[in-house]
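Starting from the structure of chain A, add chain B where the hints point.
2 protein chains.
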Amino acid sequence: MVVIDGVSDRPVNGKTPLSSAKTPNLDKLAEMGINGIMDTVSPGIRPGSDTSHLALLGYDPFKYYTGRGPIEAAGVGIELKPGDVAFRVNFATVKGEGTIFDKIVVDRRAGRIEDTSDLIKAIEDELDLPVKFILKKGTGHRAALVLRGDNLSHEVTDTDPKKVGRKVKTCKAKNKEALETAEIVNVFTQKTHEILEEHPLNQVRVAEGKPKANALLLRGAGGFTKIKSFEEKYGLKLAVVSATALIRGVCRLVGGEVIDVEGATGNVHTNIGNKIKAAIEALDHYDVVLLHFKATDELGHDKNFEGKTKFIEKLDSYFKEILNLDFSKICLIITADHSTPVSVGDHTADPVPVTIVHDGVRVDDVKKFSEFEVYKGGLCRISGRDLLRIALDLINKAKKFGA
Amino acid sequence: MVVIDGVSDRPVNGKTPLSSAKTPNLDKLAEMGINGIMDTVSPGIRPGSDTSHLALLGYDPFKYYTGRGPIEAAGVGIELKPGDVAFRVNFATVKGEGTIFDKIVVDRRAGRIEDTSDLIKAIEDELDLPVKFILKKGTGHRAALVLRGDNLSHEVTDTDPKKVGRKVKTCKAKNKEALETAEIVNVFTQKTHEILEEHPLNQVRVAEGKPKANALLLRGAGGFTKIKSFEEKYGLKLAVVSATALIRGVCRLVGGEVIDVEGATGNVHTNIGNKIKAAIEALDHYDVVLLHFKATDELGHDKNFEGKTKFIEKLDSYFKEILNLDFSKICLIITADHSTPVSVGDHTADPVPVTIVHDGVRVDDVKKFSEFEVYKGGLCRISGRDLLRIALDLINKAKKFGA
Numbered sequence: 004m005v006v007i008d009g010v011s012d013r014p015v016n017g018k019t020p021l022s023s024a025k026t027p028n029l030d031k032l033a034e035m036g037i038n039g040i041m042d043t044v045s046p047g048i049r050p051g052s053d054t055s056h057l058a059l060l061g062y063d064p065f066k067y068y069t070g071r072g073p074i075e076a077a078g079v080g081i082e083l084k085p086g087d088v089a090f091r092v093n094f095a096t097v098k099g100e101g102t103i104f105d106k107i108v109v110d111r112r113a114g115r116i117e118d119t120s121d122l123i124k125a126i127e128d129e130l131d132l133p134v135k136f137i138l139k140k141g142t143g144h145r146a147a148l149v150l151r152g153d154n155l156s157h158e159v160t161d162t163d164p165k166k167v168g169r170k171v172k173t174c175k176a177k178n179k180e181a182l183e184t185a186e187i188v189n190v191f192t193q194k195t196h197e198i199l200e201e202h203p204l205n206q207v208r209v210a211e212g213k214p215k216a217n218a219l220l221l222r223g224a225g226g227f228t229k230i231k232s233f234e235e236k237y238g239l240k241l242a243v244v245s246a247t248a249l250i251r252g253v254c255r256l257v258g259g260e261v262i263d264v265e266g267a268t269g270n271v272h273t274n275i276g277n278k279i280k281a282a283i284e285a286l287d288h289y290d291v292v293l294l295h296f297k298a299t300d301e302l303g304h305d306k307n308f309e310g311k312t313k314f315i316e317k318l319d320s321y322f323k324e325i326l327n328l329d330f331s332k333i334c335l336i337i338t339a340d341h342s343t344p345v346s347v348g349d350h351t352a353d354p355v356p357v358t359i360v361h362d363g364v365r366v367d368d369v370k371k372f373s374e375f376e377v378y379k380g381g382l383c384r385i386s387g388r389d390l391l392r393i394a395l396d397l398i399n400k401a402k403k404f405g406a
Numbered sequence: 004m005v006v007i008d009g010v011s012d013r014p015v016n017g018k019t020p021l022s023s024a025k026t027p028n029l030d031k032l033a034e035m036g037i038n039g040i041m042d043t044v045s046p047g048i049r050p051g052s053d054t055s056h057l058a059l060l061g062y063d064p065f066k067y068y069t070g071r072g073p074i075e076a077a078g079v080g081i082e083l084k085p086g087d088v089a090f091r092v093n094f095a096t097v098k099g100e101g102t103i104f105d106k107i108v109v110d111r112r113a114g115r116i117e118d119t120s121d122l123i124k125a126i127e128d129e130l131d132l133p134v135k136f137i138l139k140k141g142t143g144h145r146a147a148l149v150l151r152g153d154n155l156s157h158e159v160t161d162t163d164p165k166k167v168g169r170k171v172k173t174c175k176a177k178n179k180e181a182l183e184t185a186e187i188v189n190v191f192t193q194k195t196h197e198i199l200e201e202h203p204l205n206q207v208r209v210a211e212g213k214p215k216a217n218a219l220l221l222r223g224a225g226g227f228t229k230i231k232s233f234e235e236k237y238g239l240k241l242a243v244v245s246a247t248a249l250i251r252g253v254c255r256l257v258g259g260e261v262i263d264v265e266g267a268t269g270n271v272h273t274n275i276g277n278k279i280k281a282a283i284e285a286l287d288h289y290d291v292v293l294l295h296f297k298a299t300d301e302l303g304h305d306k307n308f309e310g311k312t313k314f315i316e317k318l319d320s321y322f323k324e325i326l327n328l329d330f331s332k333i334c335l336i337i338t339a340d341h342s343t344p345v346s347v348g349d350h351t352a353d354p355v356p357v358t359i360v361h362d363g364v365r366v367d368d369v370k371k372f373s374e375f376e377v378y379k380g381g382l383c384r385i386s387g388r389d390l391l392r393i394a395l396d397l398i399n400k401a402k403k404f405g406a
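Those protein sequences? They're chains A and B, same order as listed.
Quick note: to get my numbering, add 3 to the position in the first sequence (first position is 1).
Quick note: to get my numbering, add 3 to the position in the second sequence (first position is 1).
Because identical chains share one entry, a pair is satisfied inside a single copy or across any pair of copies.
DSS-like cross-link-like pairs, simulated, lysine-lysine; straight-line CA separation at most 27 Å: (1) 402 with 179; (2) 313 with 25; (3) 231 with 140; (4) 66 with 177; (5) 402 with 66; (6) 170 with 403; (7) 402 with 177; (8) 135 with 172; (9) 370 with 317; (10) 400 with 172.
The hints are simulated quantities; they were obtained by calculation from the structure and are not laboratory data.
Given the structure is predicted, the values throughout are model-derived calculations rather than measurements.
Bound-form chain A, shown alone (with noise of 0.2 Å):
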């Protein structure tokens, strides 16, 4: 399953990235295979990356997301339990008097910190809260949070205010149940303020003239969901080959495995080959492969319609090798988990194209991966929930309802 994130547009002037692009090769996929659009997760919802891809992995986003903090969590390999609630944490700068809740966000990255082992390893000596806390890196500034305790709940808000330039927010309650939670959000968020603020590691980021990575940020609260394992569910191994944490989560949290590429960067310079390589040669050792290229959602977050397009075109030449799969043995999907129009510069609900190329399919008319195209084909409109079912039906790995 190829997903080019946020792929899809709306017109410009008549005309998408996706449609101005030269796509010799996705084109020709198109040709061979069965068409259609897709909405990934529900026609008029815009989807995020993570509800998608759980939708995309067959998972209904509706029942098992509560927030994006367990993605996070499961993406640097911590395993909730029942009653914890983990948050996205970004290490940030702030500046100011008074307690954090004073204080203005100037870089939500902290400088782009590369290492945060120990100032995480302070934080774990030195911060003492009413209930237990698990405190873990992800990659440069990113980490996640995971509180552990009697009667937490994560209906509880954000404290990064999501841009520069804002004070901290004050971590909120929903609900009555959840106002221990917020309190506890609070206090962690001052204290580990004072813990990174003395770090000494901060003075010499400070004598370097490097921004002080003296706060955490949380967001997207979320707690733990009953979720069968990919291979319990299915019978089948997964695999996921992305540079984007979230992506990666998502697969880690259905038990996937996630596979390193030299040279993925989830950005326009991202090893195209490499990834596509991994790929292929993951599915000796796996059934179900998704292959995840971010810089088309970049670019519609950016709204650069002609970079868009150059890189779905420099995607598509390296779909060459895509094409002379075996397609008797591999089901191949290519799709987007959703549209990210570079009109709009961000996540919509505009259906996404979809193509499945298999030895098997209702070949259609269709001729071009366009979304002027794609909708002529012969799988109409579908569900993104339902699409896992429809690919494992087409390699006989469905079965059946009844007699």
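Then chain B, alone, in the frame of chain A:
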């Protein structure tokens, strides 16, 4: 959102009123937009105009619809409380001997009586029931009844036989819990008949050669459902331009504003120009405006192919004004609440055409607003329950689900 009630058909000799009608303006809108077919409630479910309009406004009728009564009650301005049972009421004319349940309905609208205020006043003054009741007049012969008390249930049958020449029906309980309610309805029906029969206004009517308004026929029992207002649910203000009581009731049920238009009649003589003008003006004050035309449905019920075709052409001629809207700001939807094929003379579940015009929609190849063309469009086949969410996404009023 323009709702052309029951506009679509099943073909007769390969043609439908919509496909036969010359509709240059509707066709132009189809050409400018994205098209498809839509199951307003669910595939194969024949919608009433009430359930379908709930769906069109984004309320799942399977969840929120318990019967026509609550919508009629909302239409006349009664706010239901938990435990209430609401009915649609007709002032009618019965003749014969014995109790009301021995008598024959000779006019279901009591000669289309215009003012029932005095009759309702008499009932309020004289009727003694074991529970509280609210009886409120609608337009003409129409009224709504709400029973308020402990242990009531809306699981009771109609007393309205729906056809003249038949006896008034005894209200029956659909289960044990509703036995008391059914008994109260029967007492209500008999006692109001006695009060009305003797009322001076009816002596005057007889002297004038008019039928007595001597019976209340009840139908569509329904109960309270907790329903968020449109503004609460979407953060948007809703207005409806419709002369049809049921549609006005649905609008009021969800807290929308009903706009009165001079010359709006809910039939072929309606002032189309005034209604369109009022709807466009309403866009200055409301976020979502539903403009409803009823005559197409009536002509479908009448099995009048030619009349329906002509009314569609007349309607289309007024749509020129709609063509000139600023579609960078306005998202236009043209659709129906259900099909009312002239070959059937009633609502059917055949999907309805839907066209969405807005800057940024993925314009497709459809060039005619007809049952035989719109299904080829870029929306494919959608559900009426998703329509509003799809539109809100297109105007960037949708929230992201996930990160």
